[in-house]
Amino acid sequence: MNIDSRFNGLFPAILLLISGAATVSAMPVQDQDAAAAVRAQVEAGKRLFAASCSNCHGAGGKGAIGPALADRGLTAELIRGTMLNGRVGTPMPPFKDDLDATSQAQIMAYVLWITSAGRLPDQVISGEAPAGSAASATEPSSTPVTIGAEHGIPAHGAALFFDSTQVRSCRACHSFGNKGGPVGPDLINTDKTPSEIYQRITHAKVASAAFPAIAIELRDGSKIVGIKGEETDEFVRMFDVSSVPPVKRSVLKSDVGKLLVIGDSGIFDHTALPYSKQDLLDLSAYVGKKGKAQTAK
Amino acid sequence: MISLRHSRLNRVLMAAVVVIVVALPALRSKAAESGTDSANWASYLGNDKAWSYSALGQIDRRNVERLVPAWSFSAGSNQDGLSATPLVIDGVMYFPTAQNSVFALDAASGRIIWTYTNKPSEGRSGPRKPLGLAAGFGLIYLAAADHHLIALDQKSGREVWNVEISDPRQCGCGPGVAPLLVKDKILLGVSSMDTGHRGYLDAYDAKSGKLSWRFWAIPGPGEPGHDTWPEDLWRLGTSGTWLIGSYDPELNLVYWGIGNPGPMIGGNYPGDKLYSDSVVALDVDTGKPKWYFQQVPNDKLDYDSTLEPVLIDANVGGKPRKLLVQPNKGGFAYVLDRATGKFINGYKVSDAINWTKGLDKNGHPLEPRLTLTPGVETLVCPGIFGARAVGHSTYSPRTGLWYNSSYETCTYHTPVPVRPPREGFTFTASDARDTRIPPNAHPFIGAFDPINGDRKWTYPTNSVNIASLLSTAGDLIFGGDIFGDVWALDATTGKKLWSFNIGTGISSAPISFAVNGRQYIAMTGGLSYVANALAREVLSAEQRAKLPPTGAVVFVFALPETGASASR
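Sequence order for the protein chains is B and D.
All residue numbers for the first sequence refer to this note's numbering, where the first residue is 43 and numbers rise by one.
All residue numbers for the second sequence refer to this note's numbering, where the first residue is 53 and numbers rise by one.
Quick caveat, the hints were computed from the structure, so don't treat them as lab data.
Values in this document were obtained by computation on a predicted structure and should not be read as measured data.
There may be inaccurate statements among the hints.
Stated by the list, open to error - Derived DSS-like pairs (lysine-lysine); straight-line CA-CA distance at most 27 Å:
(1) D/K235 with B/K270
(2) B/K300 with D/K262
(3) B/K265 with D/K259
(4) D/K259 with B/K270
(5) D/K262 with B/K270
(6) D/K371 with B/K295
(7) D/K235 with B/K265
(8) D/K340 with D/K235
(9) B/K265 with D/K262
(10) D/K598 with B/K104
(11) D/K598 with B/K295
(12) B/K300 with D/K259
(13) D/K259 with B/K295
(14) B/K270 with B/K300
(15) B/K265 with D/K207
(16) D/K409 with D/K508
(17) D/K371 with D/K342
(18) D/K207 with B/K300
(19) D/K171 with B/K138
(20) B/K332 with B/K138
(21) D/K371 with D/K409
(22) D/K409 with D/K342
(23) D/K262 with B/K295
Make a model of the complete structure from these sequences and hints.
Okay, here's the thing in structure tokens:
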């Protein structure tokens, strides 16, 4: 049986219902040019919303997998904060690094319009976020960085660092800019230059003194080796990096026979990773602290 | 042509069982039937074959009307409800909450034995909440929403090891609904709600937590099938593995369903895009594919093949065959030879289908399929939640029938220009509007001959039936609805025999277990985020007003101790 034919009766009724909301209606904006600009921003936002938001929030923000936004009376602050930073504990991701300021403002204008039952925003929404509420998108540079006699390209390094088509890429263990794995500090805060990073990841095994390699001899005689994690009254935690992704083990202190600090000589062989020399240069250029001295030309 | 000797055999078996019941109305443990210890419910789907069947028969068609609550439990926060399937092992019930807590309760009383809490760090929650656990080697395995696989000590609940599989802030992904123990490995899929990423299925060493193998659901450069993807789309072509699989120990194969390719709806990318919308058979020890069967080549309508592959042995053409029966979101079920992947039969499990007129002799959709035109609103059936999106079916070896729910919903799609995929962001090319149950259509549970697809009976559900189904050796089908009714149907006729309202909507899976010779039925309650969305989308305003508030509860039912046989 053909389902379309069953729907014939219902279809025009539904179209009629939604047609009222299909275009931006004129609402109290004083100046005609300003009103046109506001409408244009809302219309632009509508297109972006359809492509990026409606899959979860439903067409017109009427709700689907995600909550309805229409007719909710949401405030500009709440919309901006949620769009940029996501909502903890829900599938809503942060969009701050992935929408430019213009797109953010357009989506905000559209959501403000639908959430206030079709009342146009009073003015064009500024692309500038209030101070401190959002970081501007920082794309890694495509400008080569000098490393000794060689060059590395940060943008290439970023792609390698976060390459999730491979199990063994940097982000499995390390974080950069608040994304990535749990071992060690966020590398965006490193004080090492690209050259120093390159030296470290191409020579021997590397670990930070703040995250020493340890060996635990258990009371049953077995031994485990890893990067030291946090310690509680009950547990010693360590990252077993003998496989990727690393396995964080919680060892009961009462099970620990001996705990040996191997030191910061490291236990993970970065040179065994499937990176070419140029890959390692690119990664070093991306991760290393960039000063004027390191930027070529 | 397909003959079905197994159903006659089952009638003989049933007659034999009826005799036993009359003579001995005690707990009937039929471990041989289910391949598991029938007192326990030790895995998400109850056994390796994805049957969701309990060999306990103390509660049966004659006495089910006397079923009453034995105990209930409130799991605390009601955010995202409680849709988890509990495990019960040796009198202890284990289940996860949407907040990544795990409770261990005395399964006969509901008393807390231990609680594990693990709050995901800021912004790190993936799109799905844990719906189940695995157990083995003295450990309980939790796939937490922030994409960690965590092993807990079964006795104390303390964390033993913890693997961060990926950062949801990068991929927008998280774990599949539940981990699955197969031999010495924990298998776990990936779920993204259609963000751009490269899907995979992982196997971890169950004792150490080390990654044993990763099967990429999209072949990489140089691998067979890679050339079915245009340009660089393979890197972000989705193809998630977000439900759960089954396992044949004799063939040493695990069967797993793969989700739709990106973009989810629409787009104009050519190619079959393997292994999207396929069921794959993988060697358990290596993760290498033995065979695959793609149900919807070059899918542009979100017809994942992620639903449970049900393993059934039956005679086909006079010969005993090892079969696999799998429903697809597109509304068809596929019967395959599970040793070879050869297509044997396919049939409709949904009435509301308009994307193809049927399947050809190879099991592929008949052309021309429904196509979407940019800017033109088109009604697509099944809609974005599929003929069924989550939950699972049940197979009863006693009736020889396979019981499956169909939502019978359609969605209006207006294709929009596809934007290049970005990792962690929704990858679709449609503006979806209004998922509805069409007039004249009605959601139902069907009792199918699993091989030839004959529908023996149809039970119309009061709306979309999101919860999973359970069959028991008492010849009952248990389920629950979005308005809070837990109910039992006669497995042979579809007649409703019992119901009890638990006060909150149900999108979970009933299970059955026994403690000290007493059979119990357990059901968790509280609609999940997705179930709430689907329910609210399809219900009329009048029906919506009748939806109970979302809670987070466990209800456990049994026959009254007096009057029922509680003998051991």
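Contradicted hints - numbers only = 1, 6, 11, 21, 22
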